[in-house]
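Student: So the protein sequences, as listed, match chains A and B. Reading the first sequence from the start, the letters are residues 1 to 762 in the working numbering. Reading the second sequence from the start, the letters are residues 1 to 472 in the working numbering.
Mixed in with the good hints there might be a few duds.
Stated by the list, open to error - Pairs of lysine to any residue residues, derived as SDA-like cross-links and limited to a Cα-Cα distance of at most 20 Å, are as follows:
| hint | chain 1 | residue 1 | chain 2 | residue 2 |
| --- | --- | --- | --- | --- |
| 1 | A | 334 | B | 205 |
| 2 | B | 424 | B | 406 |
| 3 | A | 250 | B | 115 |
| 4 | B | 364 | B | 229 |
| 5 | B | 353 | B | 275 |
| 6 | A | 324 | B | 460 |
| 7 | B | 425 | A | 251 |
| 8 | B | 76 | B | 103 |
| 9 | B | 432 | A | 247 |
| 10 | B | 432 | B | 421 |
| 11 | B | 424 | A | 251 |
| 12 | A | 354 | B | 436 |
| 13 | A | 313 | B | 1 |
| 14 | B | 432 | A | 246 |
| 15 | A | 313 | B | 11 |
| 16 | A | 354 | B | 230 |
| 17 | A | 313 | B | 461 |
| 18 | B | 395 | A | 356 |
| 19 | B | 115 | A | 313 |
| 20 | A | 334 | B | 230 |
| 21 | A | 250 | B | 428 |
| 22 | A | 294 | B | 447 |
| 23 | A | 334 | B | 207 |
| 24 | B | 68 | B | 50 |
| 25 | A | 422 | B | 433 |
| 26 | A | 313 | A | 565 |
| 27 | A | 294 | B | 460 |
| 28 | A | 250 | B | 19 |
| 29 | A | 334 | B | 353 |
| 30 | A | 254 | B | 447 |
| 31 | A | 354 | B | 11 |
| 32 | A | 313 | B | 364 |
Keep in mind the hints are simulated off the structure, nothing from the lab.
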Amino acid sequence: MNDSSKKDNGELEQLIEEYNSKRSAEEQAAEEAARSSLKAAPKKAKRRRSAGLASDELSRQRTRRKTQKPESETRTTTAVSEVRSGLNGETARRPSVRRHEKDVIPPLPLNKRISPERLREKQIMNSILASLNSMDDTPEDVPPLAGFQHIEDTKHYDPVKPKKNAPQFAEEDMFAPTRIMKLPAEDGNDTKAEENPEVREPEKKPAPKKKKQASAPAQKKAKKTEPVPVPETAGDTAPEDNGTDSEIEKINRKTAVANAAVCFTLLFGIGIALIVVPRSSGFIQSENRLLAEKPSMTAENLADGSYFTDISKWYTDTIPIREKLKPMSSNFSKLFGIAMDDVKIKGKAQNVTKETLAPTVTSQTEAVTINTDFATTTQATTAPLESTTTTAKKTKKKTETVREIEVPADGEWMGSVVVSGKGKNVRAMSAFYGTFDMGEEYAKVVNKYKDDLDSKVNVYTLNMPSAAAYYMPSNLADQFTSQHDCIKNIGNNLKGVVNIDVFDALDAHKAEYIYSRTDHHWQPLGAYYAAEVFSKTAMFDFPDISTYSTHKIKNFVGTMYAYSDYDEELNKNPDTFIYHKPDNNDELAVTYYDSYFANPQYGGSLFFDYAEGVACYSAILGDDNEIAEIETDVKNGRTLVIIKDSYGNALVPYLTHGFERIYVCDFRYLDVNAIDFIERVGATDVLFAVSLQAAHTDSNIVLINNDRVQEGSPINVATTTTEYQFAEPETETETEETQTEAPQQEQYYDNTADGQVYNEGW
Amino acid sequence: MVFADELFIFLFLPACLLLYFAMPKLQWKNNVLILFSLIFYAWGEQLYILLLIASSLFNYGAGRLLDKHKDTDKGKGYLALSLVVNLGILAVFKYSGFIAENLNLIPFINLPIPKMHMPIGISFFTFQNISYTLDCWWDKTPSQRSFRKYLLYISMFPQLVAGPIVRYSLIAEEIDDRRTTSADLSDGFTRVIIGIAKKVIVANNLNLAVTACFGQASDGYAASENLTVFGAWYGAALVALWYYFDFSGYSDIAIGLGRIFGFHFDENFNYPFICKSISEFWQRWHISLGSFFRDYLLYVPIFGKRRKYGGLFLVWFCTGLWHGASWNFVLWGLYYGLFVFIETLIGKKKMKKLPAVIAHIYTKAVIIIGFGIFYFEDIPALGRFFKSLVGVGAKLSNTIMDQVFMQYVFLFAAALLLTLPIGKKLSQLAEKSTEGTYAIQMSKIVCNAVLLILSGILLLNTTNNPFLYFRF
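Let the hints inform the model, and build the full structure from the sequences given.
Tutor: Right, here's the structure in full:
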């Protein structure tokens with residue numbers, strides 16, 4: 001083929017004539033047959049790509065050409081190329097029929113006499129028209145992008161390279177904009193000579209491999225949402241007869257490629273990175289939970305779909321930089337608006353009607369007298385259960401059954417979180433959503449406990465308010481029901497149960513550090529003041545705070561960090577968890593049982609000094625799912641059972657001088673019948689230490705009641721080696737001894753990871 | 001599987017693209033698409049994939065039969081059968097509980113209320129099936145001869161779960177003949193990223209504001225109990241924006257993905273909030289649904305002489321009901337139907353003469369109230385909403401609402417701006433010069449990168465957050 005360069009235009013004509021004369025009639029007939037079969041090729045309706053005037057024109061032209069009787073000609077290129085290649089007497093190569101109908105351009109009859117210049121012009125014109133015809137297609141001479149063209153694009157014919165001496169046209173004319181709709185003049189002669197599909201555009205400047213010719217020259221729109229139901233059409237833009245249009249298109253094409261490349265790289269890059277990089281696992285402080293684990297494929301979890309949801313969760317959860325990126329998204333959400341007065345309302349906000357206790361409704365509780373005659377209280381017994389309970393009580397128990405209830409997942413937050421303040425004063429608190437109806441329900445359940453138990457057992461309820469009661473910004477505080485009213489409301493509905501109202505006691509000390517700022521619990525100091533109120537009502541020994549040793553754990557960022565959607569202000573200003581150990585701490589015998597009151601672990605401690613991070617609050621009594629039994633050195637015959645939620649933990653260290661034995665059970669994790677348990681351990685006092693919000697939550701109230709009626713007898717009754725003697729109630733002796741102890745030492749447990757000492761919270 | 005999910009964006013999608021573009025032949029590519037679509041569906045629905053396949057098989061068979069028995073009574077029978085089966089599937093899986101509840105209101109009837117699990121996307125692919133059989137019957141398209149290709153049409157994952165209701169005739173040819181060009185890739189990716197950004201950045205956060213105003217279905221709309229006038233209007237406007245960004249974001253992802261694979265779906269949203277009349281609103285909102293009902297239901301010759309208005313009533317009833325098995329959705333549909341009816345009575349010319357300001361205020365008010373109706377599935381809550389709209393028993397505003405408004409004020413403003421076709425106008429202006437084109441295209445690339453990364457970061461926080469329309 002390359003010897004074409006040796007021939008010049010003058011010879012061309014001769015060659016053409018030679019060729020034409022050589023062609024036999026049969027070949028020409030064969031050509032015609034092929035041509036007519038092309039005519040019969042089904043015309044595929046192209047909806048979008050052929051919109052616009054140009055292609056309509058062209059298709060009209062095409063049909064016109066098709067219906068013309070083709071003369072016995074052949075295509076110039078085949079003639080020329082085959083002559084050049086020295087193939088003699090062979091039939092012209094036919095292009096294979098392409099599936100795109102519009103690509104099939106019927107062969108152009110060639111005039112017998114045609115000047116080289118005119119030929120050249122026609123070649124150029126044809127190339128223009130050919131590219132017009134194939135507006136959406138990649139021009140033939142550009143190698144098809146691997147995979148992007150489904151059609152088996154075999155090259156039908158080689159592009160014609162311009163001869164060296166061919167008249168040179170300016171490049172821009174050569175690659176004339178494909179949008180130019182200048183159609184060749186429609187005189188009779190030229191229609192035949194117009195098309196020469198064989199003559200393709202001369203090789204475009206060999207594109208750097210990256211440069212993919214965009215086949216849809218439609219104008220790129222920056223915003224991809226398109227206004228009309230018909231998406232962008234190829235021929236949409238008005239043909240503009242200027243050079244800048246092609247430049248714009250070039251830019252569009254180039255940037256389209258760049259855009260696709262960037263997106264691909266990002267997508268695949270991140271995707272591969274996430275596969276390759278080792279995943280994080282274990283416990284994360286910010287959410288106080290373990291990261292999801294990769295589930296193993298079993299038939300069951302495939303069938304019910306949990307495998308797939310778990311894999312999705314695992315995939316997102318264990319992304320290595322997730323913990324570092326979460327503050328970024330919480331900082332991003334700051335952009336959504338303005339926090340007025342530095343107050344932000346986060347979480348699943350709720351907005352409930354505020355109730356107020358009618359002032360005329362005074363406290364209706366009959367004064368409840370505490371039974372202090374502990375000598376006659378039932379002893380702890382190991383006898384089988386049936387002998388101690390009366391049949392009346394048994395039947396009463398059997399009429400009520402456990403009520404199944406859907407409990408929100410442990411730790412799932414309901415309701416608004418209000419974050420107010422800045423710097424060291426930043427505080428996150430949950431809004432309070434109690435209603436009087438709920439308080440009434442709670443009181444009823446506690447009343448039932450009182451009824452079920454022996455009349456000599458003292459039953460108390462101590463419902464602690466949350467931080468919102470004291471620290472909510474005043475304009476917002478008016479929106480929520482008063483927590484003090486709710487405490488009073490509970491009191492109004494109690495029968496025989498003593499209501500320990502700690503609201504005012506805490507209020508008096510609210511300038512002190514009685515509530516954590518970043519955690520939804522109170523600080524042990526707040527519990528101290530609450531326990532003080534309890535001790536006065538229940539009449540037991542209560543040493544002053546100075547008799548306790550103080551311990552601090554720094555860098556305590558509590559649960560509210562997560563519940564406030566990771567408000568970074570909280571993270572930057574952590575709390576310090578300050579707790580106190582009673583002076584008789586070493587004399588305490590602490591045993592932990594499981595929720596069935598079995599499997600005792602002796603020799604435990606009330607305190608877990610190595611608690612850190614978000615779990616600092618569990619420094620007192622540790623996990624909630626264990627029953628704790630504390631035997632003190634006090635000998636007053638009183639046994640206390642505390643039924644509590646997590647708020648109640650902090651009370652316990654301050655009660656160690658008031659009772660011989662203390663049992664601590666969390667109502668959420670009790671698997672034995674509470675009444676049986678209370679009777680068997682020989683309790684003289686039962687305290688419900690449930691936070692006010694929890695006491696106003698329907699599911700919790702049901703759980704507390706379920707504990708009362710559920711099956712499950714305590715396996716182990718408290719058996720200790722020491723024998724109990726019921727001494728006369730003494731009150732003063734203990735406290736005097738403790739005062740002679742050495743002055744309190746402050747002990748710091750610096751549990752910060754990097755050893756940095758943070759300022760004390762508050 | 002959900003679109004707004006790290007696993008989908010960074011694992012499933014690249015794997016699918018890799019395999020798709022690695023295939024040299026189109027039919028192999030189609031097979032890859034089918035495989036990934038089935039995985040996509042089975043991921044969320046497991047055994048209900050069989051329902052999808054069975055439904056496609058049935059309709060494929062119906063299409064072939066209708067082709068054979070065109071314009072005969074037998075054909076009519078087959079058509080009726082196919083409609084019954086399709087609508088029956090929908091009724092059973094989606095509406096059985098609703099039907100039972102309502103039948104139980106009749107004193108003598110006491111049916112147990114079945115708790116059917118509604119497979120994702122059933123409304124969408126059922127309607128696609130119906131459109132196919134009706135198109136075959138009306139000879140708008142030849143039936144598909146290959147079940148594999150029909151399954152590709154139905155199960156294609158971009159539009160399977162909440163995508164535009166793509167008609168078979170639209171993509172029939174593209175199943176066999178399409179190619180992806182770099183323009184397709186570029187536009188497709190841009191579209192996908194914009195869709196993801198709309199969903200993750202805008203819609204998810206608007207959702208927080210909505211629940212602050214109105215509460216959620218799961219908590220009985222607790223927050224609506226002391227709704228204020230401002231809260232009601234603001235909340236309903238938020239709901240409108242939230243649904244728009246959620247659903248149009250999803251449609252963008254669907255259309256973009258389709259583009260990447262070489263398909264050209266029709267637009268589903270066309271800046272609906274710039275409408276000047278309610279009829280226009282429905283030509284811009286959920287276009288695929290509106291046109292489905294228009295083409296296949298509006299002219300059902302049931303009502304005889306009152307065909308026009310009877311058909312209207314039926315169409316709007318069905319539009320509302322399609323959105324959910326609850327009476328508030330039906331009310332919503334009829335509410336819009338009423339306004340469309342009024343506007344047809346007034347006539348197009350007079351509607352056009354309405355001054356623009358009045359038209360905009362009228363349409364926005366109707367739309368906002370309409371979305372309030374759409375949101376509250378609980379009738380008492382809906383009643384409270386109506387009362388507080390006009391200020392009956394409700395204060396003008398309260399502190400919490402003011403707080404919430406200020407907390408989301410920039411997001412709200414941005415969302416309002418994004419409902420306007422600003423980007424389109426900008427790019428049209430810029431494309432007049434090369435510098436402008438260059439600037440616009442470059443900024444597009446930068447935006448894509450930033451939005452993709454930002455969405456990826458934000459997605460780290462949320463656990464699965466299903467699209468609103470998954471209930472359908």
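Student: Could you run down the list of hints and mark each one as holding or not?
Tutor: A quick look at each hint next to the structure:
1. A hinted pair counts as satisfied when its Cα atoms are at most 20 Å apart, and residue 334 of chain A with residue 205 of chain B qualifies at roughly 11 Å.
2. For the suggested pair residue 424 of chain B and residue 406 of chain B, the alpha carbons sit about 30 Å apart, so the restraint of at most 20 Å is broken.
3. The suggested pairing of residue 250 of chain A with residue 115 of chain B is violated, with an alpha-carbon distance near 58 Å, which exceeds 20 Å.
4. Between residue 364 of chain B and residue 229 of chain B the alpha-carbon distance is near 17 Å, which keeps this suggested pair within the 20 Å criterion.
5. At most 20 Å may separate the alpha-carbon atoms for a hinted pair to count; residue 353 of chain B and residue 275 of chain B meet this at roughly 14 Å.
6. Of the supplied pair hints, the one linking residue 324 of chain A and residue 460 of chain B holds, its CA atoms being roughly 11 Å apart against a limit of 20 Å.
7. Note on residue 425 of chain B and residue 251 of chain A: the hinted pairing holds, with a Cα-Cα distance of about 19 Å set against a maximum of 20 Å.
8. A C-alpha spacing of about 31 Å is found between residue 76 of chain B and residue 103 of chain B, which places the hinted pair above 20 Å, so the restraint is violated.
9. Proximity of residue 432 of chain B to residue 247 of chain A is assessed by CA-CA distance (about 11 Å); at most 20 Å being required, the pair is judged to hold.
10. A C-alpha spacing of about 18 Å is found between residue 432 of chain B and residue 421 of chain B, which places the hinted pair at or below 20 Å, so the restraint holds.
11. Taking the CA atoms of residue 424 of chain B and residue 251 of chain A, the gap is about 18 Å. The hint holds against a cut of 20 Å.
12. About 57 Å separates the Cα atoms of residue 354 of chain A and residue 436 of chain B, which puts this hinted pair outside 20 Å; it is violated.
13. Straight-line distance between C-alpha atoms of residue 313 of chain A and residue 1 of chain B comes to about 11 Å, which keeps the hinted pair within the 20 Å bound.
14. Restraint check for residue 432 of chain B and residue 246 of chain A: satisfied, since their Cα atoms lie roughly 12 Å apart, inside the 20 Å limit.
15. Taken as a hint, the residue 313 of chain A and residue 11 of chain B pair is honoured in the structure, with Cα atoms around 13 Å apart against an allowance of 20 Å.
16. With a CA separation close to 19 Å, the supplied pair residue 354 of chain A and residue 230 of chain B stays within the 20 Å bound.
17. Restraint check for residue 313 of chain A and residue 461 of chain B: satisfied, since their Cα atoms lie roughly 11 Å apart, inside the 20 Å limit.
18. Only pairs whose Cα atoms come within 20 Å are accepted, and residue 395 of chain B paired with residue 356 of chain A is accepted, the gap being roughly 18 Å.
19. A hinted pair counts as satisfied when its Cα atoms are at most 20 Å apart, and residue 115 of chain B with residue 313 of chain A does not qualify at roughly 27 Å.
20. Simply put, residue 334 of chain A and residue 230 of chain B have alpha-carbon atoms about 23 Å apart, too far for the 20 Å limit, and the pair is violated.
21. At roughly 17 Å between alpha-carbon atoms, residue 250 of chain A and residue 428 of chain B fall within 20 Å of each other, so this suggested pair holds.
22. Restraint check: the Cα-Cα separation between residue 294 of chain A and residue 447 of chain B comes to about 34 Å, which exceeds 20 Å; the hinted pair is violated.
23. The hinted pair formed by residue 334 of chain A and residue 207 of chain B meets the criterion: a straight-line CA distance of about 16 Å does not exceed 20 Å.
24. Straight-line distance between C-alpha atoms of residue 68 of chain B and residue 50 of chain B comes to about 27 Å, which puts the hinted pair past the 20 Å bound.
25. Distance restraint check for residue 422 of chain A and residue 433 of chain B: the Cα-Cα separation of roughly 50 Å exceeds the 20 Å cut-off, and the hinted pair is therefore not satisfied.
26. Between the alpha carbons of residue 313 of chain A and residue 565 of chain A the distance comes to roughly 19 Å, so the proposed pair stays at or under 20 Å and holds.
27. For the given pair, residue 294 of chain A sits about 17 Å from residue 460 of chain B by alpha-carbon distance, which is consistent with the 20 Å threshold.
28. Taking the CA atoms of residue 250 of chain A and residue 19 of chain B, the gap is near 30 Å; set against the 20 Å cutoff, the hint is violated.
29. The suggested pairing of residue 334 of chain A with residue 353 of chain B is violated, with an alpha-carbon distance near 44 Å, which exceeds 20 Å.
30. The straight-line distance between the Cα atoms of residue 254 of chain A and residue 447 of chain B is roughly 17 Å, inside the 20 Å bound, and the hint therefore holds.
31. Straight-line distance between C-alpha atoms of residue 354 of chain A and residue 11 of chain B comes to about 49 Å, which puts the hinted pair past the 20 Å bound.
32. Straight-line distance between C-alpha atoms of residue 313 of chain A and residue 364 of chain B comes to about 40 Å, which puts the hinted pair past the 20 Å bound.
Consistency note: the structure conflicts with the earlier hints numbered 2, 3, 8, 12, 19, 20, 22, 24, 25, 28, 29, 31, 32.
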